[in-house]
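Using the sequences plus the hints, can you model the full thing?
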Amino acid sequence: MKVKEESSKIVKPFYDGNEDPPSTKQYIPLSVFDKVTFNTHIVDIYAYRPPPPQNAILELGLRKALSPYRECAGRLGLNDKDASDEEIVVHKIHFAVQFLAKLKARSSSSNVKNEPYSTFKSLVAHLWRAITKARGLNGSETTTVRIYMNGRVRLNLKVPREYFRSLVLWAFPCAKVKDQAHP
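Per full-length UniProt numbering, the sequence shown starts with residue 1, numbered consecutively.
Note that these hints are calculated values from the structure, not bench results. Heads up, the beta-carbon is just placed ideally off N, CA and C, and yes, glycines get one too. Careful: at least some of the hints might be erroneous.
[To be verified] DSS-like, lysine-lysine: derived pairs with alpha carbons at most 27 Å apart:
1) Lys64 to Lys102
2) Lys102 to Lys113
3) Lys104 to Lys4
4) Lys104 to Lys92
5) Lys178 to Lys102
6) Lys113 to Lys178
7) Lys4 to Lys113
8) Lys113 to Lys92
9) Lys133 to Lys176
10) Lys104 to Lys133
11) Lys176 to Lys102
12) Lys121 to Lys64
13) Lys176 to Lys121
14) Lys113 to Lys12
15) Lys92 to Lys2
[Said to hold, decoys possible] Taking CB as the label site, the calculated pair distances span:
16) Asn111 to Lys2: 40 to 48 Å
17) Val112 to Arg49: 48 to 56 Å
18) Phe95 to Arg49: 29 to 37 Å
19) Ala47 to His94: 17 to 25 Å
20) Ala101 to Leu137: 23 to 31 Å
21) Ser109 to Asn150: 27 to 35 Å
22) Glu19 to Ile57: 17 to 25 Å
23) Pro51 to Val145: 48 to 56 Å
24) Asn114 to Ser8: 49 to 57 Å
Listed below in structure tokens is the structure:
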């Protein structure tokens, strides 16, 4: 499918004449949860069955959706004083479905509980072992993998849907290199 960008513009929040827009002087510092996630921008493309809605209708819908969250429009910030110049390197890798199925079957065959591991657990364990091996560490050294997860679904006290900020939790499993040699 060939996609062609026809226009690009800033869409401002919509306010009818009965309400005053919130102040644009409000500043929201990033929380610790906001700081640990990757700074990425994701482009979404929506395809509608013919006839597609008019651009003006889509824009008005977006403007109305933005109006309750005006404080987030470009007013999030981080104190970069003494920040490191080191960039985070992000690698994107595609794994074939067949490879993941074999990996999951192989790792689950050694599970003493006779329950299959999830594809995610199987892949993370495989990558952790491969990266540890590639680093050439000796058997007595300890390695750690850092995994972040959605905290909303893991809390017993449910987070209100109105809380729109990130709720990212981290896990830091660690193991000796010699213990990673065998799945």
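To see whether the hints hold, each was checked on the structure:
no.	hint	in the structure
1	Lys64 to Lys102	violated, 47 Å
2	Lys102 to Lys113	holds, 19 Å
3	Lys104 to Lys4	violated, 39 Å
4	Lys104 to Lys92	holds, 20 Å
5	Lys178 to Lys102	holds, 24 Å
6	Lys113 to Lys178	holds, 23 Å
7	Lys4 to Lys113	violated, 52 Å
8	Lys113 to Lys92	violated, 32 Å
9	Lys133 to Lys176	holds, 12 Å
10	Lys104 to Lys133	holds, 20 Å
11	Lys176 to Lys102	holds, 25 Å
12	Lys121 to Lys64	violated, 40 Å
13	Lys176 to Lys121	holds, 18 Å
14	Lys113 to Lys12	violated, 55 Å
15	Lys92 to Lys2	holds, 23 Å
16	Asn111 to Lys2: 40 to 48 Å	holds, 46 Å
17	Val112 to Arg49: 48 to 56 Å	holds, 51 Å
18	Phe95 to Arg49: 29 to 37 Å	holds, 33 Å
19	Ala47 to His94: 17 to 25 Å	holds, 23 Å
20	Ala101 to Leu137: 23 to 31 Å	holds, 30 Å
21	Ser109 to Asn150: 27 to 35 Å	holds, 29 Å
22	Glu19 to Ile57: 17 to 25 Å	holds, 22 Å
23	Pro51 to Val145: 48 to 56 Å	holds, 50 Å
24	Asn114 to Ser8: 49 to 57 Å	holds, 54 Å
Figure legend: structure checked against the earlier numbered hints; hints not met, in rising order: 1, 3, 7, 8, 12 and 14.
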